[in-house]
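**Q** Sequence:
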Amino acid sequence: MNKFMEFLENMLLPIADKLNNNRYLTALRDGFMVALPLIIFGSIFVVIANFPFLDKLLGEDAYTAYQNALGPASAATLSIMGLFVIIGIGYKLTQSYGGEAIYGGVVAVAAFLILNPQELDGVTGVIPTAILGAQGMFLGIFTAFIAAELYRYFVNKNWTIKMPPGVPEAVSRSFSALIPITLTLSVFLVIRILFSFTTFDTVQNFIYTIIQEPLTALGSSLPATILAVLLCQIFWFFGLHGQIIINSVFDPIWYTLNDENLKAFQAGTELPNVITKQFIDTFLVGMGGTGMTLAVILLIFLIGKSRQVKELGKLGGPAGIFNVNEPIIFGLPIIMNPLAIFPWLLAPVVVTAVTYFAMATGIVPKPAGIIVPWTTPIGISGFLATGNSWRGAVLQIVNLLIVMAIWWPFLKIMDKNYYENEKAKK
1 MNKFMEFLEN
11 MLLPIADKLN
21 NNRYLTALRD
31 GFMVALPLII
41 FGSIFVVIAN
51 FPFLDKLLGE
61 DAYTAYQNAL
71 GPASAATLSI
81 MGLFVIIGIG
91 YKLTQSYGGE
101 AIYGGVVAVA
111 AFLILNPQEL
121 DGVTGVIPTA
131 ILGAQGMFLG
141 IFTAFIAAEL
151 YRYFVNKNWT
161 IKMPPGVPEA
171 VSRSFSALIP
181 ITLTLSVFLV
191 IRILFSFTTF
201 DTVQNFIYTI
211 IQEPLTALGS
221 SLPATILAVL
231 LCQIFWFFGL
241 HGQIIINSVF
251 DPIWYTLNDE
261 NLKAFQAGTE
271 LPNVITKQFI
281 DTFLVGMGGT
291 GMTLAVILLI
301 FLIGKSRQVK
311 ELGKLGGPAG
321 IFNVNEPIIF
331 GLPIIMNPLA
341 IFPWLLAPVV
351 VTAVTYFAMA
361 TGIVPKPAGI
371 IVPWTTPIGI
381 SGFLATGNSW
391 RGAVLQIVNL
401 LIVMAIWWPF
411 LKIMDKNYYE
421 NEKAKK
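For the sequence shown, position 25 matches number 25 in the UniProt record's numbering, and the numbering has no gaps at all.
Accuracy of the hints is not assured; some may be wrong.
Think about it this way: if two alpha-carbon atoms lie no more than 30 Å apart in a straight line, the pair counts; the simulated DSS-like pairs of lysine-lysine are [said to hold, decoys possible]:
#: 1; residue 1: 157; residue 2: 56
#: 2; residue 1: 416; residue 2: 305
#: 3; residue 1: 56; residue 2: 263
#: 4; residue 1: 18; residue 2: 157
#: 5; residue 1: 423; residue 2: 305
#: 6; residue 1: 314; residue 2: 157
#: 7; residue 1: 412; residue 2: 423
#: 8; residue 1: 305; residue 2: 425
#: 9; residue 1: 425; residue 2: 314
#: 10; residue 1: 162; residue 2: 314
#: 11; residue 1: 310; residue 2: 157
#: 12; residue 1: 314; residue 2: 416
The set of hints was computed from the structure by calculation and includes no laboratory data.
Generate coordinates for the entire structure from the input sequences, incorporating the hints supplied.
**A** Shown next as structure tokens:
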């Protein structure tokens with residue numbers, strides 16, 4: 001076991017360290033965090049607009065009017081979430097270099113809009129809202145990175161307009177950004193013109209066809225999801241924040257899949273994807289935190305004998321209900337604990353497979369694309385994430401029992417060791 005752990009540590013820690021400190025992955029992660037409050041706001045009103053049995057209580061016409069009244073809340077947030085992510089990435093990447101962050105955000109958005117179609121149903125000068133959501137996510141990410149870097153490059157070349165002393169600071173900063181922004185957006189305009197002579201017509205069509213569709217298909221598969229979950233658990237076992245590392249890579253894919261399900265849910269059509277952002281957050285992380293350690297807390301109250309384990313259960317219980325599990329991860333401990341590595345790695349993989357097949361076979365509804373806050377307790381989160389279905393809540397309970405069964409013998413051994421050590425010290 002020691003040799004195996006040493007092998008994993010030597011192999012994975014350098015990779016994890018590089019990923020964790022990568023400027024672009026950090027900007028990508030923080031860009032999604034900028035958009036998160038808006039996404040949650042839109043999700044709340046999707047839930048309110050689709051409460052079960054409301055159509056029966058209100059009648060068809062009243063229910064339609066009710067949904068139309070609440071519709072702008074999600075249309076102005078969830079449906080164009082890509083726009084907020086792009087602003088966030090451009091802002092955070094420019095900020096990481098010590099530049100004027102707000103200009104990094106706005107130049108990223110402008111560059112993205114230049115590269116996209118500006119015609120809808122034969123009407124020119126109209127930007128389709130679809131490209132501001134899931135469809136434009138990948139192009140938006142690449143564009144934000146490149147635009148922020150170009151803007152920084154031109155600023156560092158000192159190609160700026162210097163205003164005389166006495167000019168208000170806000171005016172001076174605007175003029176100093178004028179040339180770098182003009183040059184940056186001119187580059188993207190040239191790219192757009194060049195692509196207009198290809199069969200793709202726009203960069204958006206090229207990215208969506210060549211990159212986004214294949215990557216999204218790969219990320220929606222069960223093997224890729226299990227690999228992501230397993231790597232997250234391994235990183236956490238060595239004390240590294242697995243969510244930050246893995247989500248930085250997979251979030252663009254999972255959010256895209258999530259948005260596709262949301263559109264289908266709102267349209268009343270079949271949901272296309274099992275794997276989405278809420279599949280991960282609600283049925284894995286949202287059951288006591290990473291590794292679903294709410295099951296460990298319940299086991300502590302059931303079988304714990306040692307004072308150390310019992311006190312840990314009291315300390316970690318309230319936080320675990322809201323999916324905060326650092327007291328368990330560091331207090332049991334799970335990190336670098338040979339007795340914990342097997343259930344820590346196995347339980348999430350088993351639950352991922354069980355959840356996937358339950359949804360793929362129709363036993364439980366697929367995630368409806370509704371972003372549920374990660375601190376939402378088990379049962380409630382499963383109900384909301386599946387479009388107000390009680391079967392989502394039941395699946396979470398089943399998953400919790402599975403994790404408890406896997407952890408039972410290992411926690412019993414740990415508790416026994418602690419108990420014997422405590423008796424020996426008396």
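**Q** Each hint: holds or not?
**A** Now for the hints, and whether the structure bears them out:
1. 157 with 56: violated, 65 Å
2. 416 with 305: holds, 7 Å
3. 56 with 263: The given pair, whose Cα atoms are some 23 Å apart, holds under the 30 Å limit.
4. 18 with 157: Distance ~29 Å between residue 18 and residue 157 Cα, so the pair holds.
5. 423 with 305: holds, 11 Å
6. 314 with 157: violated, 58 Å
7. 412 with 423: holds, 16 Å
8. 305 with 425: Status holds; Cα separation ~15 Å.
9. 425 with 314: Given pair residue 425, residue 314 holds - Cα atoms ~23 Å apart, limit 30 Å.
10. 162 with 314: Violated - the C-alpha atoms of residue 314 and residue 162 are around 62 Å apart, more than 30 Å.
11. 310 with 157: violated, 62 Å
12. 314 with 416: Roughly 18 Å separates the two Cα atoms, so the pair holds.
The structure fails to meet hints 1, 6, 10 and 11 from the earlier list, while all remaining hints are met.
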